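Each chain, written out:
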Amino acid sequence: MKAKINNLLSSIFEHKYIYLMLVPGLAFLLVFKYFPMYGIQLAFKRYMLNEGITGSPWIGLENFLYIWSEPAFWRAFKNTIVISLMKLGLGFPIGIILALLINELKMKKYRRFLQTIYTFPHFLSWVIVSGIIFNFLGNTGALNSLLENLGLGQINFLMNKGIFRYLLVYSEVWKEAGWSTILYLAAIAGIDPTLYEAATVDGANRWHKIKYITWPGIQNIVVIMFIMTVGSIMVAGFNQVFNLYNEVVYDVGDIISTYVYRISFQQAPDYGVSTAVGLFNGVVNFMLLMIANTVAKKFGKSGII
Amino acid sequence: MMTKRKFTVVDIIILILLTIFGLAVLYPFYNAILVSLVPQHVYAESPFMLWPDEITLDAYKQVFNDQTLINGMKTTVIVTFLGTVYNMLITILTSYALTKDIPGRKFINYLILFTMFFSGGLIPYYLLIKNLGLINNILVMVLPMGFNIMYMIVLRSFFNDIPDALEESAKIDGANDFIILFKIILPLSLPILATLSLYYGVNRWNEWYHGMLFITSPDIMPLQLVLRNIVQDASKFLQGNTAAMANVETFSEGIQMASVVTTMFPIMMLYPFLQRYFLSGLTLGAVKS
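Protein sequences, first through last, are from chains A and B. Using numbering that gives the first Met the number 0, read the first sequence as starting at 0 and increasing by one per residue. Using numbering that gives the first Met the number 0, read the second sequence as starting at 0 and increasing by one per residue.
Do not rely on the hints blindly, as some may be mistaken.
[What the hints assert, rightly or not] Derived lysine-lysine pairs resembling DSSO-like cross-links, with alpha carbons at most 27 Å apart:
no.: 1; chain 1: A; residue 1: Lys208; chain 2: A; residue 2: Lys105
no.: 2; chain 1: A; residue 1: Lys208; chain 2: B; residue 2: Lys73
no.: 3; chain 1: A; residue 1: Lys3; chain 2: A; residue 2: Lys77
no.: 4; chain 1: A; residue 1: Lys105; chain 2: A; residue 2: Lys174
no.: 5; chain 1: B; residue 1: Lys73; chain 2: A; residue 2: Lys1
no.: 6; chain 1: B; residue 1: Lys5; chain 2: A; residue 2: Lys107
no.: 7; chain 1: A; residue 1: Lys32; chain 2: A; residue 2: Lys15
no.: 8; chain 1: B; residue 1: Lys5; chain 2: B; residue 2: Lys73
no.: 9; chain 1: A; residue 1: Lys160; chain 2: A; residue 2: Lys32
no.: 10; chain 1: B; residue 1: Lys99; chain 2: A; residue 2: Lys15
no.: 11; chain 1: B; residue 1: Lys5; chain 2: A; residue 2: Lys108
no.: 12; chain 1: A; residue 1: Lys15; chain 2: B; residue 2: Lys170
no.: 13; chain 1: A; residue 1: Lys108; chain 2: A; residue 2: Lys174
no.: 14; chain 1: A; residue 1: Lys297; chain 2: B; residue 2: Lys170
no.: 15; chain 1: A; residue 1: Lys3; chain 2: B; residue 2: Lys129
no.: 16; chain 1: A; residue 1: Lys108; chain 2: A; residue 2: Lys32
no.: 17; chain 1: A; residue 1: Lys77; chain 2: A; residue 2: Lys210
no.: 18; chain 1: B; residue 1: Lys99; chain 2: B; residue 2: Lys170
no.: 19; chain 1: A; residue 1: Lys3; chain 2: A; residue 2: Lys15
no.: 20; chain 1: B; residue 1: Lys73; chain 2: A; residue 2: Lys296
no.: 21; chain 1: A; residue 1: Lys174; chain 2: A; residue 2: Lys160
no.: 22; chain 1: B; residue 1: Lys99; chain 2: A; residue 2: Lys1
no.: 23; chain 1: A; residue 1: Lys77; chain 2: A; residue 2: Lys208
no.: 24; chain 1: A; residue 1: Lys15; chain 2: A; residue 2: Lys107
no.: 25; chain 1: A; residue 1: Lys210; chain 2: A; residue 2: Lys107
no.: 26; chain 1: A; residue 1: Lys3; chain 2: B; residue 2: Lys99
no.: 27; chain 1: A; residue 1: Lys32; chain 2: B; residue 2: Lys182
no.: 28; chain 1: B; residue 1: Lys105; chain 2: A; residue 2: Lys105
no.: 29; chain 1: A; residue 1: Lys15; chain 2: B; residue 2: Lys105
no.: 30; chain 1: A; residue 1: Lys3; chain 2: B; residue 2: Lys170
no.: 31; chain 1: B; residue 1: Lys99; chain 2: A; residue 2: Lys296
no.: 32; chain 1: A; residue 1: Lys15; chain 2: B; residue 2: Lys182
no.: 33; chain 1: A; residue 1: Lys108; chain 2: A; residue 2: Lys210
no.: 34; chain 1: A; residue 1: Lys32; chain 2: B; residue 2: Lys170
no.: 35; chain 1: A; residue 1: Lys32; chain 2: B; residue 2: Lys5
no.: 36; chain 1: B; residue 1: Lys5; chain 2: A; residue 2: Lys210
Calculated directly from the structure, the hints in this document are not laboratory data. Quick caveat, the model's predicted, so the values are computed rather than measured.
The whole structure should be built from the sequences, with the hints applied where relevant.
Now the structure itself:
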């Protein structure tokens with residue numbers, strides 16, 4: 000026992016500089032990631048400005064009972080899930096299809112040029128992208144002017160409840176699909192080229208090769224990406240929605256994170272209630288991520304943990 | 000057996016599809032640039048433009064005539080510089096330390112990963128920042144970002160692949176861990192360090208959220224937040240600035256797009272030249288696992 004402790008101590012002493020290197024990172028985590036978790040107790044308290052987090056009185060589940068009776072909360076809850084599922088169903092496959100198409104393009108230089116264009120919007124903020132979208136899709140914008148010249152009439156893209164969710168899906172495709180192909184194309188690049196040569200000898204056509212060589216080659220990474228996206232269903236994209244939405248489309252576009260922001264910083268804020276919404280969302284999100292991670296591991300590839 | 004395949008109909012269809020998607024991505028940018036460069040009457044005539052009939056820099060003059068955007072730019076340049084150095088320093092130290100088999104490493108790994116799955120939420124975070132006295136402090140756009148866990152994992156696996164023999168010979172010569180990291184490991188890791196610095200830099204350049212939550216003083220608002228205010232409501236921005244330039248027509252779409260173009264200009268200019276670094280990082284981490 001004593002020898003064990005001595006071993007441990009000498010190992011720690013031997014690595015003293017390594018521990019020193021960990022100090023800034025751990026200090027950051029404790030202050031900015033772990034300390035806020037102490038404030039979660041506000042979900043079960045009535046926040047009093049003068050009393051602070053610790054001194055405010057406990058009120059049990061009152062904040063939760065309040066939010067569960069609040070239609071705006073359930074609206075946000077539903078929108079979060081619906082928008083995420085739409086992105087998963089309509090947006091997610093586009094990245095894969097795009098990657099497969101890029102892989103089939105024979106002109107290498109043009110291919111690189113296209114990839115430069117496709118991936119560029121990923122590095123811009125939603126603030127910039129929303130600025131471009133407002134101008135481009137606005138009532139007096141370029142697209143509506145084109146539609147009108149073609150005799151198709153105006154479409155109010157930005158303030159239409161029927162369109163807004165599709166605007167979210169396809170603006171994300173526009174911004175991120177190119178970026179998502181990078182992973183798939185890297186996986187394709189890792190496929191043994193002799194497989195394709197052998198297939199050619201055996202008389203396989205392009206479709207056969209995609210179906211029997213390329214697709215199996217990227218299947219694993221597709222599954223992982225899919226599972227991880229499912230795991231983050233409760234995060235429908237604050238930056239995107241917050242920069243694109245407006246009061247007219249709250250019914251279909253307000254998600255939990257934008258809802259929390261509004262009840263926290265507009266109107267008369269109740270910090271207890273806001274924290275309760277955040278905690279509810281956080282717990283559901285946590286469970287989904289854990290499930291996703293476990294499932295991802297089952298597929299033989301590493302999850303996040 | 001390797002014969003060059005012919006250009007078939009399918010090839011042409013693929014070429015057309017990919018070109019259409021390329022144009023769909025590119026055109027809105029092109030259009031935004033045109034809107035920022037034409038006078039109002041040209042835009043009013045036909046907002047869908049392929050070529051500008053007339054070019055003017057009035058919108059840019061108006062944008063730069065107002066102090067708000069210039070202040071935002073100063074703030075964002077400082078935030079980007081400080082933030083990237085701070086992010087890289089923490090990422091490098093943490094990644095390297097976690098390649099070593101030290102007592103407690105597993106616990107520290109879990110401590111880090113848990114924060115990916117769960118967080119305190121908006122209000123506790125807000126109260127923390129307030130208690131730390133970081134409201135209206137430019138450091139609020141730097142300090143809370145620390146390191147990105149995915150980037151840390153990528154860098155850690157890169158460090159792991161560097162042969163141990165290099166470190167051991169330095170150790171025999173009496174070098175401590177800091178000297179080994181900075182003199183031996185980092186010089187071997189320059190491409191990946193460049194990639195991660197770019198990512199962190201772009202991320203800090205795009206900062207607006209912390210500015211919106213914690214900065215109320217117009218002097219230190221980040222550029223993206225100033226842009227957000229202009230994009231959401233150009234009239235607010237114009238009030239301060241029309242008096243000074245009474246002879247110029249106020250063309251709000253032009254001003255909005257001039258602000259957008261100005262804000263994305265550095266990324267637009269760097270991107271084609273540094274594309275190799277921009278695109279390499281993601282695959283480095285993914286293909287390994």
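Going through the hints against the structure:
1. A:Lys208 / A:Lys105: 15 Å, holds
2. A:Lys208 / B:Lys73: 53 Å, violated
3. A:Lys3 / A:Lys77: 55 Å, violated
4. A:Lys105 / A:Lys174: The given pair, whose Cα atoms are some 25 Å apart, holds under the 27 Å limit.
5. B:Lys73 / A:Lys1: Distance of about 59 Å is beyond 27 Å: violated.
6. B:Lys5 / A:Lys107: Given pair Lys5 of chain B, Lys107 of chain A holds - Cα atoms ~15 Å apart, limit 27 Å.
7. A:Lys32 / A:Lys15: 25 Å, holds
8. B:Lys5 / B:Lys73: 55 Å, violated
9. A:Lys160 / A:Lys32: Not OK: Lys160 of chain A and Lys32 of chain A at ~37 Å, beyond 27 Å, violated.
10. B:Lys99 / A:Lys15: 12 Å, holds
11. B:Lys5 / A:Lys108: This hinted pair holds, its Cα atoms lying about 18 Å apart.
12. A:Lys15 / B:Lys170: 14 Å, holds
13. A:Lys108 / A:Lys174: The hint holds at about 22 Å.
14. A:Lys297 / B:Lys170: 41 Å, violated
15. A:Lys3 / B:Lys129: 45 Å, violated
16. A:Lys108 / A:Lys32: 45 Å, violated
17. A:Lys77 / A:Lys210: 37 Å, violated
18. B:Lys99 / B:Lys170: Holds, because 14 Å separates the two Cα atoms, which is no more than 27 Å.
19. A:Lys3 / A:Lys15: 18 Å, holds
20. B:Lys73 / A:Lys296: Not OK: Lys73 of chain B and Lys296 of chain A at ~46 Å, beyond 27 Å, violated.
21. A:Lys174 / A:Lys160: Measuring from Cα to Cα gives roughly 22 Å; hence the hint holds.
22. B:Lys99 / A:Lys1: Within the cut-off at roughly 24 Å; holds.
23. A:Lys77 / A:Lys208: 41 Å, violated
24. A:Lys15 / A:Lys107: 51 Å, violated
25. A:Lys210 / A:Lys107: 22 Å, holds
26. A:Lys3 / B:Lys99: With a Cα-Cα distance of about 20 Å, the restraint between Lys3 of chain A and Lys99 of chain B holds, given a limit of 27 Å.
27. A:Lys32 / B:Lys182: 32 Å, violated
28. B:Lys105 / A:Lys105: 47 Å, violated
29. A:Lys15 / B:Lys105: The hint holds at about 17 Å.
30. A:Lys3 / B:Lys170: 25 Å, holds
31. B:Lys99 / A:Lys296: Between Lys99 of chain B and Lys296 of chain A the Cα gap is close to 25 Å, so the pair holds against 27 Å.
32. A:Lys15 / B:Lys182: 19 Å, holds
33. A:Lys108 / A:Lys210: 26 Å, holds
34. A:Lys32 / B:Lys170: Answer violated: Lys32 of chain A to Lys170 of chain B is near 35 Å, above 27 Å.
35. A:Lys32 / B:Lys5: At roughly 57 Å apart (the allowed maximum being 27 Å), Lys5 of chain B and Lys32 of chain A break the hint.
36. B:Lys5 / A:Lys210: 21 Å, holds
Violated hints, in rising order: 2, 3, 5, 8, 9, 14, 15, 16, 17, 20, 23, 24, 27, 28, 34 and 35; the structure is consistent with all others.
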